[in-house]
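K.L.:
Based on the sequences and whatever the hints tell you, model everything.
The lines below spell out each chain.
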Amino acid sequence: AQSVTQLDSQVPVFEEAPVELRCNYSSSVSVYLFWYVQYPNQGLQLLLKYLSGSTLVESINGFEAEFNKSQTSFHLRKPSVHISDTAEYFCAVSFHYNQGGKLIFGQGTELSVKP
Amino acid sequence: DTEVTQTPKHLVMGMTNKKSLKCEQHMGHRAMYWYKQKAKKPPELMFVYSYEKLSINESVPSRFSPECPNSSLLNLHLHALQPEDSALYLCASSQDLTSLDYEQYFGPGTRLTVT
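Chains A and B, in that order, are what the protein sequence lines are. FYI, the numbering for the first sequence is 1 to 115, going by the working numbering. FYI, the numbering for the second sequence is 116 to 230, going by the working numbering.
Please keep in mind that the hints were generated in silico from the structure rather than gathered at the bench. Bear in mind that the values here come from a model prediction, so they are computed numbers and not experimental data. The beta-carbon is built from N, C-alpha and C at its ideal position, and this holds for glycine as well. Fair warning: there could be bad hints in the mix.
Here are the computed distance ranges between Cβ atoms for each label pair [as the list claims (entries may be wrong)]:
1) A:Ile83 - B:Arg226: 22 to 28 Å
2) B:Asn172 - A:Glu15: 40 to 46 Å
3) B:Lys133 - A:Glu16: 49 to 55 Å
4) A:Glu66 - B:Thr131: 50 to 56 Å
5) A:Ser59 - B:Pro123: 26 to 32 Å
Where chain B lies over chain A, by a calculated footprint (3+ residues, C-beta under 8 Å) [as the list claims (entries may be wrong)]:
6) 38-46
7) 104-113
Straight-line C-alpha distance at most 30 Å; calculated DSSO-like pairs for lysine-lysine [to be verified]:
8) A:Lys114 - B:Lys156
9) A:Lys49 - B:Lys153
10) B:Lys156 - A:Lys49
P.N.:
In structure tokens form, the structure reads like this:
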């Protein structure tokens, strides 16, 4: 069965510090990997995704994630965070399920950026 | 237009009421989803429609009744709900269920409170 583990439920950091949000997955089949962000009282927005090709993927707002097949990880990093990055971050995997695809989400990591 | 819209934003209903949640997308997507999200938890998949046909029902109680009138619209009819059904209900869409890119676009959600 497929599963996603986000190792940290809460990550407090100071503004301009680097941050890493960890994500590990378990799957016996090929998967596609995603990071979604949810700002307070909003829906989920796709931050970045890995489907194939280069194992390092980047978002437009400075986040990056690296797919590591041997360690089954897809950690999210940012070298310098802003107050506005405060949000809930969900790692997700997508795989073939019945007639199509299904997203499995991790439990989420609450990133809290303090001034 | 990469937007999924949901109405209403907030809904308060009694346990004997009948109400409906609405979702709309104009991206030409042929797969649409309903999720339920409790506070500080990841979204839980409820239903998936593919080409206007119900594809996945994750053992959701019958007091939730989905409907897909056309390729752009998705409804969730609510009847005789319980207080524990209070949650954020998210709608999402994706290109279809068979393409390699399973990116789902989420709406802002409807915050439902059952009294």
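K.L.:
Regarding serine 59 of chain A and proline 123 of chain B, is the given constraint of 26 to 32 Å on their beta-carbon distance met?
P.N.:
At 31 Å between Cβs, range holds.
K.L.:
Within 50 to 56 Å: is that where the Cβ-Cβ distance between glutamate 66 of chain A and threonine 131 of chain B falls?
P.N.:
For glutamate 66 of chain A and threonine 131 of chain B the Cβ distance comes to about 52 Å; the hint holds.
K.L.:
Holds or violated: the segment 104-113 of chain A covered by chain B, criterion of 3 or more residues with Cβ-Cβ distance under 8 Å?
P.N.:
Check passed, 5 qualifying residues.
K.L.:
Are the Cα atoms of lysine 49 of chain A and lysine 153 of chain B separated by 30 Å or less?
P.N.:
24 Å, holds
K.L.:
Honestly, do isoleucine 83 of chain A and arginine 226 of chain B meet the 22 to 28 Å range at C-beta?
P.N.:
25 Å Cβ-Cβ, so the 22 to 28 Å window holds.
K.L.:
Can the suggested window of 40 to 46 Å be confirmed for the beta-carbon pair asparagine 172 of chain B and glutamate 15 of chain A?
P.N.:
The hinted range 40 to 46 Å holds for asparagine 172 of chain B and glutamate 15 of chain A, with Cβ atoms some 45 Å apart.
K.L.:
Decide if the proposed pair is consistent with the structure: lysine 156 of chain B and lysine 49 of chain A, CA atoms, cutoff 30 Å inclusive.
P.N.:
21 Å, holds
K.L.:
Would you check chain B against the segment 38-46 of chain A, counting CB to CB pairs closer than 8 Å, and say if three or more residues qualify?
P.N.:
Held - the segment 38-46 of chain A has 6 residues with a Cβ nearer than 8 Å to chain B, which meets the minimum of three.
K.L.:
Is the straight-line distance between the alpha-carbon of lysine 114 of chain A and that of lysine 156 of chain B 30 Å or less?
P.N.:
23 Å, holds
K.L.:
Looking only at beta-carbon atoms, does the pair lysine 133 of chain B, glutamate 16 of chain A fall within the given range of 49 to 55 Å?
P.N.:
For glutamate 16 of chain A against lysine 133 of chain B, whose Cβ atoms are near 51 Å apart, the range 49 to 55 Å holds.
Of the numbered hints given earlier, the model fails none.
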